[in-house]
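Asks: The residues making up each chain are set out below.
2 protein chains.
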Amino acid sequence: MGAAMSDNSAPIGVFDSGVGGLTVAREILRQMPGERIVYFGDTARLPYGSKSKDTVIRYSKQIIRFLMTKNVKAIVVACNTASSLALEELQSYVGLPMMGVIHAGAKAAVEATRNGKIGVIGTEGTIRSDIYRQMMTAMKPGVEVCQKACPLFVPLVEEGFFHDSVTDEIASRYLADLKQRYVDTLVLGCTHYPLLRSTLGRLMGEGVVLVNPAFETALELRKALGEAGILRGRGEPALHEFYVSDMAEKFTAFATSIMPEYVKETKLVNIEVY
Amino acid sequence: MGAAMSDNSAPIGVFDSGVGGLTVAREILRQMPGERIVYFGDTARLPYGSKSKDTVIRYSKQIIRFLMTKNVKAIVVACNTASSLALEELQSYVGLPMMGVIHAGAKAAVEATRNGKIGVIGTEGTIRSDIYRQMMTAMKPGVEVCQKACPLFVPLVEEGFFHDSVTDEIASRYLADLKQRYVDTLVLGCTHYPLLRSTLGRLMGEGVVLVNPAFETALELRKALGEAGILRGRGEPALHEFYVSDMAEKFTAFATSIMPEYVKETKLVNIEVY
Chain G
2 MGAAMSDNSA PIGVFDSGVG GLTVAREILR QMPGERIVYF GDTARLPYGS
52 KSKDTVIRYS KQIIRFLMTK NVKAIVVACN TASSLALEEL QSYVGLPMMG
102 VIHAGAKAAV EATRNGKIGV IGTEGTIRSD IYRQMMTAMK PGVEVCQKAC
152 PLFVPLVEEG FFHDSVTDEI ASRYLADLKQ RYVDTLVLGC THYPLLRSTL
202 GRLMGEGVVL VNPAFETALE LRKALGEAGI LRGRGEPALH EFYVSDMAEK
252 FTAFATSIMP EYVKETKLVN IEVY
Chain A
2 MGAAMSDNSA PIGVFDSGVG GLTVAREILR QMPGERIVYF GDTARLPYGS
52 KSKDTVIRYS KQIIRFLMTK NVKAIVVACN TASSLALEEL QSYVGLPMMG
102 VIHAGAKAAV EATRNGKIGV IGTEGTIRSD IYRQMMTAMK PGVEVCQKAC
152 PLFVPLVEEG FFHDSVTDEI ASRYLADLKQ RYVDTLVLGC THYPLLRSTL
202 GRLMGEGVVL VNPAFETALE LRKALGEAGI LRGRGEPALH EFYVSDMAEK
252 FTAFATSIMP EYVKETKLVN IEVY
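Top to bottom, those sequences are chains G and A.
Everything in the first sequence is counted per my numbering, starting at 2 for the first residue and increasing by one.
Everything in the second sequence is counted per my numbering, starting at 2 for the first residue and increasing by one.
Read the hints as simulated data drawn from the structure, not as lab findings.
Copies of one chain are not kept apart here, so a pair can be met inside one copy or by any two copies together.
For lysine-lysine, the following DSSO-like pairs were computed, each having C-alpha atoms within a straight-line distance of at most 27 Å:
hint : residue 1 : residue 2
1    : K251      : K149
2    : K62       : K251
3    : K265      : K54
4    : K268      : K62
With these hints in hand, go ahead and build the complete structure from the sequences.
Replies: Here it is, written out as structure tokens:
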């Protein structure tokens, strides 16, 4: 039985504007160690957080056309901005199981809150889309959602300022409103933010639950693949593939710090031709 | 005599990865108020500072092909990263007067220094290219050039943190090495940085000359246009044109804060088709 015939041995396509989606790939492999991943990071055109809906849709379609050439069995939009702005349009564009990172994170947050006050932090694009609030109030009418764009977090993470007084100061300002509103649950609505988890947790205080949509999305994906009968059991070791649109070596270095055992090499793709 | 026949009434093409190049456009219009500008900001694909040489060259060529459709008489690469990585290749690509922002800034710095120690701050791409150091040591052998990449400055400017304790703290760290080396001249090697001029000036101290390549480039352009006999005198008011690859409204808002009287509207261009 050739690979092309066997849906469950096909890889899962995962894409993001850059390295952030690796936090999603990492959760997928933690929870489904038999799966194989084809990852694309749009490092030439990042960040997506400050781009318009039309542009994010156009870029996402190019990436999906590229992933389809790798015969993926499912696609995970591991970017909150692309999930917010483009998922609906993309789902009607391809005939594969496809999921973003918003739904699972929103669901976990409405289940976790006790006082009905939920905070969401993300890029400008994600927050402007208002999707977390819309989805959470649809899931649990009456919840109060307080959203805050944090545009400096991604560059701070990429500069390596994970534990730093500057990051503390900027985070204190971004989180001030949310604390004042007494949210008891905070959605880390951008794939870079779990890398600031300890700072965010300390500033919000012990009583506040931090929701990592990457973790929740991997759970949801496992369920969906299981139901579709295309979950791959543990077999021969899977060879993951990593592609970017620019700066392959820098990506490999960052990726190796996030998921040390998986990223052997990163290949360059001219994504504009797809 | 139609516009297409009259070289001197044709516009000057200016491009940058985003809004930063407006500091160059502003200097051009201050020094040559009769000129007309066609500006392109690649807001869909910014920042250029973290991209590879190949990608920056490919993107710059698309932009030049777009500007050529506007019958420009000269092109200013108003982006330090693109000037650093792509100018040489681009100059052989078109048959028009073309200049970047590096040469004029480097020249002003070697003329300004008294102790022969010059600092340069810029994006990762500009600093990695080493072009300021190479150009300045060629112009004045023996000068000592101390370079520092400051990747957080652009996001801080775009967040509007011009005068802010966080910007002070980050700038202090970035500038520490340069101060320790006693540079007496500092090149603001990224078009966003003049917007942090007061912070940078205060931290470096009164004795240090800050060189703004935008100002120096406009001087050099005036000289080049004059020598080529295509300087436009004051005539009917010039109608400038502004184009971007994404987020036209946000660009107009930011541009209006930098050059209030000039930016009436900004048009969207799908630059990938050029």
